[in-house]
Amino acid sequence: MEDARLLRGRGRFVADLSPIAGIHHAAVVRSPHAHARVGAVDASAALALEGVIAVVTPDDARRLLRPFGVGVGGAEPYWPLALDTARYAGEPVAVVVARDRYVAEDAADLVAVDYEPLAPVLDVEAGRVVSDRSFRYGDPDAAFAAAAHRVEASFRFPRYSSTPIECYAVVAEWDAAAGEATVWSNFHGPFVMQPLIAASLGIPENRLRLVVPADIGGSFGIKSGVYAYIPLIALASRLAGVPVRWTADRWEDLVASQAGTDRLTRAAAAVDAEGRILGLRLEILDDVGAHLRPPEPATLYRCFGNLVGPYAVEHLAVEARAVLTNRPPTGLNRGFGGQQLYFTLERLVEMVGRRVGLDRVEVRRRNLIPAQHMPYRTPTGGVYDSGDYPALLDTLLREGDHTGMLAERDRLRRAGRLAGVGMAMIVDPSGTNLGYIDLARTPEERGRGLGKSGCTESATLTMDPMGGVRLRIATAPEGQGHETVAAQIVADALGVPMAAVRVDPSIDTASQVWNVSSGSYSSRFAPIVASAIHRACAALRERILAIAAEILEVDAADLELVGGGVRARGSDRAVPLRRVAGVAHWDPGALPPGVEPLLSVTASFSSELARSPAGDDTVDSSICYGGVGGLCLVDIDPDTCAVTLLRYASVHDSGRILNPLLADGQVAGALAHGLGGALYEELAYDPDGNPLTTSFMDYLCPTVREMPELRIHHLRGDTDFVPSRAKGIGEGTCMAAPAAIASAVTDALSGHGVEVTELPVHGGRIWEWLHTRERGEP
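Residue numbers for the sequence shown follow the numbering used here, so the first one is 148 and each next one is one higher.
Hints in this document: simulated from the structure, not taken from any laboratory. All values reported here derive from a predicted model rather than from experimental measurement. Hints are supplied without guarantee of correctness; some may be wrong.
[As the list claims (entries may be wrong)] Cross-link-like lysine to aspartate or glutamate pairs, in silico, DMTMM-like; alpha carbons within 20 Å at most:
#1 K599 with E352
#2 K599 with D763
#3 K599 with E755
The whole structure should be built from the sequences, with the hints applied where relevant.
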């Protein structure tokens with residue numbers, strides 16, 4: 148449904164919007180230091196430039212804004228603007244407002260800031276711990292005491308981001324008379340941030356109107372971080388007395404937007420003599436950057452329900468720490484928390500196999516959760532709704548052509564290449580229960596406050612007097628095809644052509660039903676939003692049939708919706724939907740008793756599984772859990788050490804596939820994202836904390852040339868846990884791909900004694916590994 152306008156360049160993104168006259172432009176003055184005291188800010192030269200009307204300084208922010216609340220007590224409040232201290236290179240220090248962007252950016256260079264540089268902290272092991280939780284599930288001490296083998300290693304996952312074409316964008320209007328703000332942005336949720344933004348502005352929530360257009364471009368999670376700029380641009384509008392637009396450029400996007408968390412994990416597995424994993428110990432250190440910016444430390448906990456992956460591990464000990472360094476704050480990025488988890492878990496599983504003499508297939512097979520145990524409750528509280536992981540493994544080997552990949556690997560090796568085959572098996576969580584974030588607090592702390600949980604979504608479905616249908620959902624899609632799939636669901640349920648359904652996925656907090664869970668994140672559309680749509684369709688269908696039964700003088704149970712009308716089963720008696728709609732709109736007095744005089748319904752869905760963490764720190768952190776397997780073949784040039792991903796196979800158990808074409812597109816996109824983190828993408832800094840990857844010359848993203856031959860296969864099987872019977876599919880492959888590629892590179896370098904324990908595995912790193920070993924260094 149949305150493709151026609153997007154392919155023709157007719158999308159309406161935030162940068163295209165002119166929702167109000169007289170918009171001026173903002174430029175952000177950013178700290179050039181990773182750590183520095185901020186002294187006097189002299190804006191006189193900037194204000195003297197023709198066209199400049201205001202400059203927002205730290206004093207203005209201190210006077211008119213409030214800090215964002217943080218979820219744990221160990222972190223100081225987070226301000227949208229550096230007040231006394233800049234804590235990362237690129238942190239906002241001032242904002243210039245001018246008649247156009249060119250003048251604003253010129254004026255930003257004229258703002259003089261007195262900095263006193265301080266020593267930065269860049270090592271996660273030297274940073275300040277602001278969230279520190281210990282968890283025990285089962286009896287890990289007994290598991291390790293009984294183990295025949297103990298396998299342990301440390302793993303590093305890189306900080307990397309996403310590169311949407313449209314970067315952060317905000318248009319803000321402050322209404323001084325009403326004391327309220329209207330903001331248009333490409334923030335896509337979760338809308339739990341709406342009350343935080345209002346609090347930062349010092350206004351009630353109902354005085355803040357957030358508008359998100361139907362087109363926001365790609366995000367892959369990182370545009371959730373634009374919320375931190377909304378109070379800043381709204382304050383600029385307040386001080387300047389005009390509407391203000393700010394659109395980040397690519398330099399700002401790479402230097403100061405949101406990135407996924409880089410993680411250091413020290414992991415140990417207790418293993419019996421047959422290679423079965425009895426228990427795990429995980430010490431996790433997440434570098435959350437300079438501020439614990441909400442929703443962090445969520446990366447630590449998002450995958451707690453599926454912390455054991457697809458494996459039947461019953462005993463765990465976990466140390467989870469969020470650490471501050473002088474780098475930009477982190478947050479959502481595609482695969483949120485899953486990439487970091489599965490890189491560690493899958494590498495550790497293969498090390499277990501080598502310790503006990505099992506290949507990578509057999510060690511997994513011995514540890515997979517049997518199908519007959521579904522639904523399966525993990526020791527951390529997750530409830531795996533369905534799946535057959537052994538069958539998934541067999542399908543991956545067959546459909547992915549494991550035998551053929553091994554043969555091709557051996558052929559390449561005979562030709563002098565370094566080639567390897569790798570794999571990964573993961574559990575893909577979808578439909579996040581926001582209650583998982585409360586694991587950052589102890590049970591005692593949770594007991595003293597209000598519980599947190601939620602995965603709610605609503606859908607409003609309306610039929611107009613001529614039988615046309617309009618659906619309103621608060622999803623803010625990022626290119627996933629929500630309009631198409633939603634129209635398809637409605638058309639199937641109401642028996643109308645898709646062309647008769649108009650879907651509006653934009654968000655306006657002042658004029659539609661929404662809640663703090665609303666938005667596009669954590670693969671929630673298929674299990675949560677689609678379920679709300681199903682319920683809305685059922686409610687409207689019931690009302691339509693009741694009216695048609697009165698018209699046709701037939702029992703509603705004997706009617707069906709088909710061909711744009713209502714028909715009595717087994718006969719030719721029918722009435723078009725436009726007549727049913729006409730009665731409801733134009734002649735409500737003729738409606739049957741008990742039928743409301745309105746063909747508009749709002750329905751919601753929220754799973755009963757979405758609960759606050761229990762007193763023992765167990766939580767079902769997602770509503771659905773799919774299975775994903777990845778299999779790949781890599782080729783490494785022995786001279787340049789450049790890595791090429793030749794083939795990749797991705798097999799999914801994602802419940803009901805709502806739209807096969809879009810589902811496969813999501814898998815391909817997820818592979819590109821995972822490939823980037825595995826081989827190319829990393830936000831790098833020099834020893835002083837200055838960013839080194841500030842353009843696409845330095846920050847390398849995969850293009851279509853780097854994409855491999857891709858095979859996709861779906862296992863059929865619905866989930867009973869949600870009305871849509873569908874699980875999410877857009878993130879699983881990007882969680883599995885880094886682990887699978889690392890597995891393949893380890894296989895390729897097996898003759899050199901290299902074990903991949905950090906990413907990305909680019910040519911320079913491989914060259915260093917190989918030559919270090921040639922010199923006999925450890």
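Are the Cα atoms of K599 and E352 separated by 20 Å or less? holds (19 Å)
Between K599 and D763, is the straight-line Cα distance small enough, at 20 Å or below? holds (16 Å)
Would you check the hint for K599 and E755, treating anything up to 20 Å between C-alpha atoms as holding? holds (13 Å)
No hint from the list above goes unmet by this structure.
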